[in-house]
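Colleague: For reference, the chains in residue letters:
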Amino acid sequence: GENVEQHPSTLSVQEGDSAVIKCTYSDSASNYFPWYKQELGKRPQLIIDIRSNVGEKKDQRIAVTLNKTAKHFSLHITETQPEDSAVYFCAASIHSGGYQKVTFGTGTKLQVIP
Amino acid sequence: EPEVTQTPSHQVTQMGQEVILRCVPISNHLYFYWYRQILGQKVEFLVSFYNNEISEKSEIFDDQFSVERPDGSNFTLKIRSTKLEDSAMYFCASSEAGWGGRSNEQFFGPGTRLTVL
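For the record, the sequence lines run as chains X and C. Using this note's numbering, the first residue of the first sequence is number 178, and each one after it goes up by one. Using this note's numbering, the first residue of the second sequence is number 119, and each one after it goes up by one.
Worth flagging that the hints you see were computed from the coordinates, not collected in a lab. Hints are not guaranteed to be accurate.
Claimed, not checked - Straight line, CA to CA, 16 Å or less: simulated EDC-like cross-link-like pairs of lysine to aspartate or glutamate:
#1 214(X) / 223(C)
#2 160(C) / 256(X)
#3 160(C) / 179(X)
#4 199(X) / 182(X)
#5 175(C) / 179(X)
#6 214(X) / 226(X)
Given the structure is predicted, the values throughout are model-derived calculations rather than measurements.
For reference, chain X alone in the conformation it holds in the complex (with noise of 0.2 Å):
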């Protein structure tokens, strides 16, 4: 099955700088990878998602790339403020037929130092 790799396990950034979270992944067929935004004790939300036929996405501060042929995605946070500390976790998916199979990485907890 497929197996989702993140690195790092924690990030401390300061305001204002960027995080980089990077996930690795093993099947091929996965054609899919959302990254969830998950606050302590709350639900896991999608912040940005990325198409297998995409090599890149952004949405503003967020930005999102794929490597295919490596198998590997990163998530990108420009100028991060307090409220982006939080749990980040990547995700791949295969989507077939409409329904989805997702695979959880480990998760990045990501500490923005005012």
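Given chain X, put chain C in place with the hints provided.
Modeller: Relative to the frame of chain X, chain C by itself:
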């Protein structure tokens, strides 16, 4: 904005007891999922459900687990004989049909914290 809801928010049970966790997906969604998250760990896929049948399940989802959509709105996860290691947060999620636009986005409920004593 429509949200996925789950009840109860916290369930405490004795080992060996049956529990039913309830979810109300977003009304126009057709694909439903259950995940679990052991405290401090990653989110783990359990099962996906479409058209009144399981479409995919993980190795965690053994014979002790079952899912059901008993009516037009609820989606339930049953654990027949709970074990200590079933203690976790259980998230329900739903998504629209298809593969276009944002329809593949999964919306998560707030979770049910299951504690098995």
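Colleague: All hints are to be evaluated individually against the structure, with a verdict given for each.
Modeller: Evaluation of the provided hints:
1. Only pairs whose Cα atoms come within 16 Å are accepted, and residue 214(X) paired with residue 223(C) is accepted, the gap being roughly 14 Å.
2. For the hint pairing residue 160(C) with residue 256(X), the CA-to-CA distance comes to about 26 Å; that exceeds 16 Å, so the pair is violated.
3. Simply put, residue 160(C) and residue 179(X) have alpha-carbon atoms about 14 Å apart, close enough for the 16 Å limit, and the pair holds.
4. Of the pairs offered as hints, the one joining residue 199(X) and residue 182(X) holds, with about 8 Å between alpha carbons and a cut-off of 16 Å not exceeded.
5. Restraint check: the Cα-Cα separation between residue 175(C) and residue 179(X) comes to about 13 Å, which is no more than 16 Å; the hinted pair holds.
6. Proposed proximity of residue 214(X) and residue 226(X) is supported: the alpha carbons are some 12 Å apart, at most 16 Å.
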